[in-house]
Amino acid sequence: MKREFFGVVIVALCLAVFVSGCTTATISKKPSVEILFHQNPAISGVEYQDCLRIRITNPPQGEYLTVYVKFILMDSEGRIIYETTITEVPIVLSPGDVKERSYTCRFGGVGQRTLIVQLVTSGPDGVPGNPDDVVLAEERVDFEVR
Numbered sequence: 001m002k003r004e005f006f007g008v009v010i011v012a013l014c015l016a017v018f019v020s021g022c023t024t025a026t027i028s029k030k031p032s033v034e035i036l037f038h039q040n041p042a043i044s045g046v047e048y049q050d051c052l053r054i055r056i057t058n059p060p061q062g063e064y065l066t067v068y069v070k071f072i073l074m075d076s077e078g079r080i081i082y083e084t085t086i087t088e089v090p091i092v093l094s095p096g097d098v099k100e101r102s103y104t105c106r107f108g109g110v111g112q113r114t115l116i117v118q119l120v121t122s123g124p125d126g127v128p129g130n131p132d133d134v135v136l137a138e139e140r141v142d143f144e145v146r
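Residue numbers for the sequence shown follow the working numbering, beginning at 1 and rising by one.
Because the hints were derived from the structure by calculation, they are not lab data. Among the hints, a few may not be true.
What the hints assert, rightly or not - Simulated crosslink set (EDC-like; lysine to aspartate or glutamate; CA at most 16 Å straight-line):
id : residue 1 : residue 2
1  : Lys29     : Asp97
2  : Lys29     : Glu63
3  : Lys30     : Asp75
4  : Lys29     : Glu138
5  : Lys30     : Asp97
6  : Lys99     : Glu144
7  : Lys30     : Glu138
8  : Lys30     : Glu139
Unchecked claim - If you anchor each label on the Cβ, the simulated ranges turn out as follows:
id : residue 1 : residue 2 : range
9  : Asp132    : Lys29     : 28 to 36 Å
10 : Glu144    : Glu63     : 37 to 45 Å
11 : Arg55     : Phe143    : 15 to 23 Å
12 : Val127    : Ile43     : 32 to 40 Å
13 : Glu88     : Gly108    : 17 to 25 Å
14 : Pro41     : Asn130    : 27 to 35 Å
15 : Ser76     : Arg106    : 14 to 22 Å
16 : Asp142    : Tyr64     : 28 to 36 Å
We put the beta carbon where it would ideally sit given N, CA and C, even for glycine.
Let the sequences and hints guide you as you build the complete structure.
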């Protein structure tokens with residue numbers, strides 16, 4: 001009789017856990033990029049020291065990676081004005097790393113812009129800065145050029 005009672009209790013507990021919708025949390029293993037500061041508004045033709053500051057975070061359960069920063073500048077119509085990958089300065093990440101970088105900027109023309117900052121790693125060809133690069137993380141900021 002006691003065994004049947006405990007069996008029923010165990011089955012009831014299992015069903016309660018199943019029905020309650022318990023889910024496991026998904027932990028990201030990919031690095032992230034965050035824009036900490038961007039000059040806004042920017043004056044056309046003026047060079048700004050430290051006009052962009054970003055933070056790159058590799059989670060503790062992340063991998064050892066070599067990443068590069070890619071910039072894409074778009075106009076208000078979504079057309080790409082400028083695109084470049086900084087391949088001269090690879091960023092080597094270990095699990096748990098947090099790194100900040102600052103960049104100098106100069107913008108031409110006037111109007112609304114969107115800056116996309118991507119963390120990329122080289123694709124199958126092994127050469128960073130090519131169209132086959134793998135995007136690991138991305139952050140965007142809208143701003144005005146006067």
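How the hints compare with the structure:
Proximity of Lys29 to Asp97 is assessed by CA-CA distance (about 12 Å); at most 16 Å being required, the pair is judged to hold. Between the alpha carbons of Lys29 and Glu63 the distance comes to roughly 7 Å, so the proposed pair stays at or under 16 Å and holds. Using a Cα cut-off of 16 Å, the hinted pair Lys30 and Asp75 is violated, with the two alpha carbons roughly 29 Å apart. At roughly 15 Å between alpha-carbon atoms, Lys29 and Glu138 fall within 16 Å of each other, so this suggested pair holds.
Between Lys30 and Asp97 the CA atoms are separated by roughly 12 Å; this keeps the pair inside 16 Å, and the hint holds. Pair hint Lys99 plus Glu144 does not hold up; C-alpha atoms about 27 Å apart against a cutoff of 16 Å. With a CA separation close to 11 Å, the supplied pair Lys30 and Glu138 stays within the 16 Å bound. Taking the CA atoms of Lys30 and Glu139, the gap is about 14 Å. The hint holds against a cut of 16 Å.
At roughly 22 Å, the beta carbons of Asp132 and Lys29 sit outside the given window of 28 to 36 Å. About 38 Å separates the C-beta atoms of Glu144 and Glu63, a value consistent with the hinted range of 37 to 45 Å. A hinted range of 15 to 23 Å holds for the C-beta pair Arg55 and Phe143, which are about 18 Å apart. Judged by the Cβ atoms, the range 32 to 40 Å given for Val127 and Ile43 holds: they are separated by roughly 36 Å.
Distance hint check for Glu88 and Gly108: the Cβ-Cβ separation is about 23 Å, which falls inside the suggested range of 17 to 25 Å. In this structure the hint that Pro41 and Asn130 lie 27 to 35 Å apart at CB holds, the actual value being about 33 Å. The given range of 14 to 22 Å is respected by Ser76 and Arg106, whose C-beta atoms sit roughly 19 Å from each other. A hinted range of 28 to 36 Å holds for the C-beta pair Asp142 and Tyr64, which are about 34 Å apart.
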